[in-house]
Structures are given as C-alpha cells and as structure tokens.
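Use the sequences and the hints to build the structure in full.
Protein sequence lines, in the order shown, are assigned to chains A and B.
Count along the first sequence starting at 1, add 20, and that's the number in our numbering.
Count along the second sequence starting at 1, add 20, and that's the number in our numbering.
No lab work stands behind these hints, which were simulated from the structure alone.
It is possible that part of the hints are untrue.
For chains that are exact copies, the list does not tell them apart, and a pair is met inside one copy or across any two.
[As the list claims (entries may be wrong)] Below, in silico cross-link-like pairs of lysine to any residue (SDA-like), each with a Cα-Cα straight-line distance of 25 Å or less:
1. Lys587 to Ala316
2. Lys553 to Ala306
3. Lys247 to Pro103
4. Lys247 to Lys438
5. Lys469 to Cys485
6. Lys438 to Thr476
7. Lys207 to Thr572
8. Lys255 to Thr572
9. Lys553 to Pro477
10. Lys587 to Glu290
11. Lys413 to Leu109
Since the structure is predicted, the reported quantities are computational estimates derived from the model, not experimental observations.
There are 2 protein chains.
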Amino acid sequence: MDYRKPSFSFFSFFTIILCSNIPQISAVEYPINVWPKPTTFFWPNPQAILLAGNFTISAPEHRYLTPAVDRYLRQVLMEHHLPLVNPPLNLKSAPPLTALVITVADVNSPLTHGVNESYSLAVPSSGENAILTAQTVWGAMRGLETFSQLVYSSPSSVACGLYISDVPLFMHRGIMLDTSRNYYGVKDLLRLVKAMSMNKLNVFHWHITDSHSFPVVLPSEPELARKGAYGESMKYTAADVRNVVEFGMEYGVRVVPEIDMPAHTGSWAEAYPEIVTCANMFWWPAESDWPNRLAAEPGTGQLNPLHPKTYQVVKNVVHDVATMFPDQLYHAGADEVVPNCWKVDPSIQTFLSKNGTLSQILEIFVNTTLPYITSLNRTVVYWEDVLLDAEIKVSPSLLPPENVILQTWNNGPNNTKKIVDSGYRVIVSSSDFYYLDCGHGDFVGNNSKYNQPPGTPQGDGDSWCGPFKTWQTIYNYDITYGLNEAESKLVLGGEVALWSEQADSTVMDPRIWPRASAMAEALWSGNRDETGKSRYAEATDRLNEWRYRMVTRGIYAEPIQPLWCVKNPGMCNTVH
Amino acid sequence: MDYRKPSFSFFSFFTIILCSNIPQISAVEYPINVWPKPTTFFWPNPQAILLAGNFTISAPEHRYLTPAVDRYLRQVLMEHHLPLVNPPLNLKSAPPLTALVITVADVNSPLTHGVNESYSLAVPSSGENAILTAQTVWGAMRGLETFSQLVYSSPSSVACGLYISDVPLFMHRGIMLDTSRNYYGVKDLLRLVKAMSMNKLNVFHWHITDSHSFPVVLPSEPELARKGAYGESMKYTAADVRNVVEFGMEYGVRVVPEIDMPAHTGSWAEAYPEIVTCANMFWWPAESDWPNRLAAEPGTGQLNPLHPKTYQVVKNVVHDVATMFPDQLYHAGADEVVPNCWKVDPSIQTFLSKNGTLSQILEIFVNTTLPYITSLNRTVVYWEDVLLDAEIKVSPSLLPPENVILQTWNNGPNNTKKIVDSGYRVIVSSSDFYYLDCGHGDFVGNNSKYNQPPGTPQGDGDSWCGPFKTWQTIYNYDITYGLNEAESKLVLGGEVALWSEQADSTVMDPRIWPRASAMAEALWSGNRDETGKSRYAEATDRLNEWRYRMVTRGIYAEPIQPLWCVKNPGMCNTVH
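What follows is the structure, encoded as structure tokens:
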C-alpha cells in the first residue's frame, strides 16, 4: 500500500463530533498547535476538557510501543505545560477524559525505511475515550506525540472535539551528527533521539568516524578505537551503541551508521598506518594551490585501495558495524576523495604511471566494498561525490540504483536533479539550506582574514557555507524544487547536518533546535498552507511556542525571537 | 599613581629563582598557560612541584577577599585539571608547596572604576612559600585566578620557578548583557560573573530594561515590573540585585546598571501609558519608508520629555537604581531615539509646530535627568548616539566630559575617534567587532528574504551586523586604532555585547564564551607578542586549552576547533 495514505475510515468519525455543517477554521487560528503541523487538523469548535486523574492509555503489548505508552502516560499526567499565550479555550463542563485507546492494524511491522507512520487521532468533546488508530506501532508513536502536545495546563487539560488524520510527506526525515571531529557523550545522543521523536523525525544518521577520531569500539578491530579515539572516556562501546539503537526503537528513530571511507580516514592510521595514504601530514603545504592540498580540511588520510590489507580491515569494520546497527541503510561515506593524498603514495604513483586513473582507484575500492555491504542485506547510502565529483568518481554501472541511495550536499537543487535523473533515490542535505554548522566563521587557525584593518569588508565571515542557515531558510526550502512528479518520487526526504568542527555537547542542542524542527515540519506536512501559500510567517508563532515547550522538556533549543514577540503575535513581523 | 604600573619590586625576586643568566624563553613555548596571558611571565626553567595536602592560602582579612581566598583554596585542591596536551614538565623532587602568602598594600581600596588591579606572583621551585603581592584586594583576586590556572593534574601540581608581573592595559573590560528582550535567571547572571572573573573581566554592564520587558522590581515604582515584566517568575527583586552585586564584589566584578531611556521604553507604558509615546504600535507601518518607522526594531515606545510625569517616574527609577547598584558608573542609555515615535504624539507635534526640534526635545530630557543622576555622585555612561546621531542629538555643552562617558557601537574606529576628539572618555563596543549576537540572521518575522528561489545569493544572511564575529575578529581588534597617544588615553576599555533578540539562558554561555575571553586577553595584555607581531595564531592553542578548562569549570563555552587540532598543535593552521 502507499505509505502516505492512512488506512482508517475518515468519515465514521465525523458523525461523532459534528452536529452541523461547521466550516473548517483556518489552521492559523487554532489556539493549541502540534509541531510538526498535522496534515489534517479538524477542530471546528475549539474547546478543552480535563484529563482524568486516573487517565490511562491502552495499547497492544509490544516491545517498543509499551515503554513508549508508559512514557507518554507519565508525560501527559505530569508535564503541565503552560502555553506562553493562554489558549482562549473554554474548558467544557463534560466528564474528564479517562482513556486514550490505541489500535494498531499490524503490530508486527518493523521500524524500517518507508514504514507506514500514518495515524488518526480523535478526541471527542463528550468525555468518551480518545481514539488513536495506526497501521503500525511506529505510527502509533507519532500519534502519541501529537496527543501529548494537545495536553497542557494544571490540572492537565486536553484539546477536544478534534480529529487529526496525519501522514508524512517524506519517509526519510533525519539529522546527521558528526561525532568524530568532537565527541558527544551517550547521554547527548539519547537526548538528541528524544528530541527527534518529539519532532517526528525518524532517522539519526550517525557520522561516527572521520579523520579526527575513531570513537566506536569494534569487536573485530578494537585497535581502531584504542588508538584512534580521543581518549578512554571518548569512546562508544558495543553496549553504548546497543543503548542508542534500542533507545531509538522506543522513540521510533532509526539509527543509520556512517563509517566514512575511503577518504576522511586519517584516524585509522593510528592503528594501521600501512593502509592509509598521506596520514598525519600538514593538510595544505606551503605555496601549493588549493587543488593540491592533501585533505578538504586539516586532518589528512585516505584508505589505500591498492593495499590488500585495506580490505581485510574494511571487511571487519563493515561486518561489525552491520551487526551493531540493524538498520537496512548503511552509510559508506565516499565524500571528498582528494587527489593529492593518494598521489603522494608510492603504490598509487606506480598505478598512475601505468596509465591508471584516480577514478579507477576509487572504482576498485567501491567495487570491492559495495558488494560486501549489500551481501549483508544493506542498502548503501553514499555522499553524492561518488557519482558527481569533478575529478574522482565511479561509473554509474558500479552503483546499482536498487542498492544505492545518494545523499546530496552541493549545488542546491541542481545536484538533487542530477541524481534523480541518473535514476537514484536521493536524501537531501544541501549545504545551502540544511547545514547547521555554517556561519560561525573559519575554524582553521592562523587565518589572516580576521586580522585586516578596520573597514575591510567582512563578507560572509569566511565560513565556507555561510551565512548561518536560519530556521526560515530551512523551513522554506522545497527539496523537490524544479523536479517533475516522477523525479520527485525519488526524493526520499532530507537531513539537516551538524558537522562538528565548532560544535560538541556544549552547543549541540541550540545548534540543532529549533532549526531541525523547521525541517521536520517542512518534510512532514510541508511549508505551505491549504491555499498553497508559504506559511513561514504563520509558523513563527507556532515555532516560538514549540521551542519553549522543548526547553521545558529539557532540550536547550535556542530562542528565535524576544519573548515579547510571542506574547504579541504578529507585532514582530516585517509586514503587519 | 598610574594604575598600569605595578608597585612592587621586580628585581628582588630575580635573585631568588635565577641561578645564572638563562635567556627568557618565548611565551609561545610555555607548557602551562594563563588566560589572559600575563604582561610578564618569566619562567626560565619550566618545572612543577606538588601542592601539599595541607596547602593553605594566607591573606589579610577582608569582606570580599576572604571568601575569594576560601573559594580559590577549594579550587586548587579539588579541580585536578587535566590539560588536553600533557605539559612536558618535570615534577621537581622538592618539598611540596605548602602555602601561598598574599600581601596587600592597601586593603581599603574599594572596587571602583580605575582601581589598581596589578599584582605579582612568584612560585619558587624550592618549595618555599609562593608569594602574591598586590596593591589592592582586587589585584590579589586577579593573582589568585592566575595561581589557580597554574595548578593542574592529580595529585595537584603547580608550575614553579616562575615570576609573573601583571597589570591590565585597559581599566574597563566588560560584558553587556540584555535581560529585557529575553529573560535570564539570577543563577545565569551569577555564572556569568564567575566566568568573567576567570577571564579577569571587571565590569558586568547589565542592560536591564528595554521596550520588551521591565524585569527589575523598584521599590518606588513597583508597577513598572508588576506590569512590564514578562511574568512573576521573570523578575529581579531587590534581593536578587543585592545577590548579583555582592557576588560580583566577591569576584572582583563591578555591576553597572543600564536603564535605557528615553527610547527603548515601551515596557514602561504597561504601568504608565501617559508618559510613553507610540507604545504598542506596529513598529514599521505598511508602505512607510525605513526612516519613518516607529522603532529601531519591533517593540515601540519612547518616554515623552514634554510630559511632567515622565520626570517624576524617571527620578524615582534613577534613585532606586542608584541605591541598588553602588557602582560609580550609571548607564543611562540614550541610544536610537527614533523621530516618528515622538512625532506621533500630540504634545510633541505642538512643540514642533512652534519651530521646536526633536533635538531640543532630547536636550530637555538630558538636561533634566543628567544633573539628577550626577547629583547622586554618579558618572553617566551614554551610548554614543546622544552626541553622534545624525538627526536627534544634544549639544556637547550639556554633556560635561568630567561627568559623562560615551559608549561607541557604530562605525568602528571612526566613531571612537570622533568621541575622544570631542574630549570624552570612551568605552568601545563596536558592532563590527564586539557584538556577540551578529550572524544568526534576522529575528523579525515574515521576512521574505528567506523565501527566495534556490540560487539566490544569501549574502550575509540578513543579520544587520553580520557576519558572526569570530573570536579572532574580536581578538585582533585594536580599540585604539588610528588614535595618537593622547587620544588613546581616553579609551577606557571595551565591552562585548550580547543583545538578546535571539539569546537567553539556553545559549548564554556558548554565545559569550570563549569569544569574550578573546577580548579579555586583548584588553588585559594585548593581542601582540614581544616583537609587536599579532599573536592570534599562537593564541589559538592557548584558547582551545582555556576553553576546555572553562567547560570543566561549568561554563559551556563553545568549541573553536576539533579536539584533534588541540592535540596536534599547529596542524590546523592555514599556514604551517
């Protein structure tokens, strides 16, 4: 079935809550909102009722749904959220709501790429049971989150007389976090997953390793972390990974691991110097041109595809990672292979001297590793470079579209189009819109750009992907821009990305939130209203409120406006 | 005496630690560093000794120094800081250090503008007592901070065989925080003061009120906060203010209050609508030009200088604030008086129709309020606008330089020069260098800038003072740029400023630190090495280390580089 279509009967509910033909009010005017805004929110006569002190949630027993139900039950009874702007709601003098009853059509659907996340939720105004219906337990979790956001105040009250039918526009809605350049503790990762679930995001793309550190402890290759991690306290053990993956399941968030290779592997050289070219070299030798640097940024090292031992290590790594991370998607990196890092290696020099090319060397690598990964029943995600790099790329014939998904980050919608036009499914992380690290200047040291006489134009501050991507920039980006309907179907979704040159746990929350919330809504129900008009202006007040609720839930999302703007809706706009 | 000159004998110490003519090693190579770098750091033979388990600090009894000594004693015994890069130091087999002995020449000097903060610190390598000598208890606190940064590891060790003679270049080294646009809890303010003291900053400029909220509860005018604060939980009571001021004294940080007026006073209108013009109006009416807006940003309202009641309220406010904040400096705002906000008022229209000018109206306000503030033995700080605004400004004859200091924020060094050339002392907060809020885009809602087709150049991201000011930008700024020696003497120092449209307690630490640390060093000992060369490249590794130490001390300073860069000094530079 089409995962975008809810499977329940929409119309049976109407007879329950509707007395007459009340016109649907505009979503803008709702006194209580859910983030991301549901696809359909039918609330003809906004009212609220009390939640009974003995309120319960009933649901089918399930390894992951049951703890989620317990969690949400505690939350709705104890959160007592006080909206910043008092919702002008009449508390209906009806019996309090005593139960939310969850039914799931197929309790056995695993949490996979493309799983059905649709649900419907009805909260009658009569005090009769609220009903949450979903095809899968994962859809039920989305509905539980929605229900929790309808509950507010003390004593707990809940919006009633409403019907929600909800289904995401895009199946892949994720966040990429880089834990190699700087380390994040397990508790940070769990908090990230928790906040993702609040925003109905479903994929944590964990960019675990890079040239800077190799924090994950792999059973078959323990030396990689022993020598490549930043330190004993900055590792992820097998138990840590299990913890993150299981926690994700309870929150409906898949964890997709990325072990970036063959570039971005300097940290591997601590354990296996023989398989890494140009490791531990200064990244940009004096007087050499930009194309002749040894890495995209400080931290050099690329796996040598011509060394047999490379595959012995890679195979162990892939095997362990696929065992630790059950998800169907496996991210194998393949971004930013830099020519000179390979060219400095004697074995590669020999290959090139016999009329070999760097692209052939990458093809050898891909052709040796990709089949192994797919043999483990994985779909492989690569960064777009493997297909689109100007200099070092592989023939599409080596990248079967049924096994390969490409993640785009350059050149905005143009590369998205190139990828889908080549027949590949795509995940959109355009750095012009979705990179959360941009706009904080250059992290590279000794940059004379910052030592110019006063009056020198400061430009974009020397952040390669500056300026800072505001929540509005993210919200307004249409990831299928310029694509026809057939092309659009290959766009699986998107991921905001936090590269960690200038981030670690001290700034994780405010760098990510509420900007990731902006993407979450755009990918869930879109960035336009019923009339097709951009709804970012209307979204501002809702996002302000949602941001404050996230903060009270322990997520340090940054403020987007003075509190005054929240309390005076519309008064902080450019146009009245 | 000149506060920049230490008063102790430099040379008597040399005979203690020097056996022969060892050349002074470059500061760059020191294995343990102090931030901000001291003026003179003489450490010919870097070694360390253990801190004795019964280590003590002796100092003259003093209301504020005594708790500071207790605090530092606990800290050096229990911090056990582990440097990111192990200091290559021999632990000398000498008796452990058992005491730091503090002598203060004048224990009665109060913490005032221009107080002597110099100190000298000697830590012998023999195990003999360490000696801290200062002119004032405030200088002793600076020396204690320095000593604490020389202690590391577990068991606690301390750098020894060194002599430090230290004195700040500028007497005014501050941070401005806006608590009106968004609220910060008292515990956030205390943490800010604590972190300032770690960085030897000495002025917390508290921009308490603005158009958005009036959080401070004033005994004579309780209605202002009762109606103008964001809420019951978002007020500063008299006890809160006492707490912050007293805490500041124990940390050697003065608290300078700012009640901005006559503009930026919309929040006053909640209690006294009759004294505020244009309150609660939409800030930029449709189809009007930028010069015709009603406020610099959303949140309108200016005190009406022609209404007698204005002065009744202002006098009460000034009296209460001067009572609650003992500091000699009183910041009276006076920035961004917007013509149209006054022009919409009938009484002002009448005045203007009789050939009066807006500048005359401001002059009436200044001439009525300034003498009252100075009558309370205060030196008044105004934003530069009062003198330099293009349209609404007052005659210098109303601003006696002996009573008035101007704070510059526009036009980089040009306005600094204009101010000192007019004979005023100046505090530098140039928005091109010292504004910490820049570079995060526009907070104003419904900004179509963010809804352009992909490919539209993003420019500086529509942040009015973008790009983001990196720590290097801040570090490299010379606040006396273009001034001769006489002019430079009028530059009291500088303040980084955090305006809070897009900040509150969730992001306070990382927005401020370590960028404020960059200014702290530039204003304490400068941004150049002994040879006059910019030292920002060398400062990178030191700031990385200092940032990590701040984090372990509970200050969530943001990372400036991958940890890899710290562990591989020099490898992350642009030039090797």
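Indicate which option fits the pair Lys438, Thr476 if close means a Cα-Cα distance not exceeding 25 Å: within, between, both or neither.
between (39 Å within a copy, 19 Å between copies)
Between copies, within a copy, both or neither: which fits Lys207 and Thr572 at Cα up to 25 Å?
both (18 Å within a copy, 17 Å between copies)
Should Lys553 paired with Pro477 be assigned to within, between, both, or neither, using CA atoms and 25 Å as the limit?
Classified as between; 23 Å across copies, 37 Å inside a copy.
Give the relationship of Lys469 and Cys485 under a CA distance limit of 25 Å: within one copy only, between copies only, both, or neither.
Close inside one copy (16 Å) and across copies (18 Å); limit 25 Å.
Within a copy, between copies, both or neither: where do Lys587 and Glu290 come within 25 Å Cα-Cα?
between (55 Å within a copy, 14 Å between copies)
Same-copy or cross-copy closeness of Lys247 to Lys438 [CA-CA at most 25 Å]:
neither (40 Å within a copy, 58 Å between copies)
Should Lys553 paired with Ala306 be assigned to within, between, both, or neither, using CA atoms and 25 Å as the limit?
between (52 Å within a copy, 20 Å between copies)
Evaluate Lys413 and Leu109 at a C-alpha cut-off of 25 Å and name the case that applies: within, between, both or neither.
neither (59 Å within a copy, 49 Å between copies)
Within, between, both or neither: how does the pair Lys247, Pro103 come out at a Cα-Cα threshold of 25 Å?
Classified as between: cross-chain Cα gap 19 Å, same-chain 50 Å, threshold 25 Å.
Within a copy, between copies, both or neither: which one fits Lys587 and Ala316 at a CA-CA cutoff of 25 Å?
Classified as between: cross-chain Cα gap 19 Å, same-chain 46 Å, threshold 25 Å.
What label fits Lys255 with Thr572 when the C-alpha limit is 25 Å: within, between, both, or neither?
Between copies only: 19 Å across, 30 Å inside.
Hint compliance for this structure: hints 4, 11 are not met, and every other hint is.
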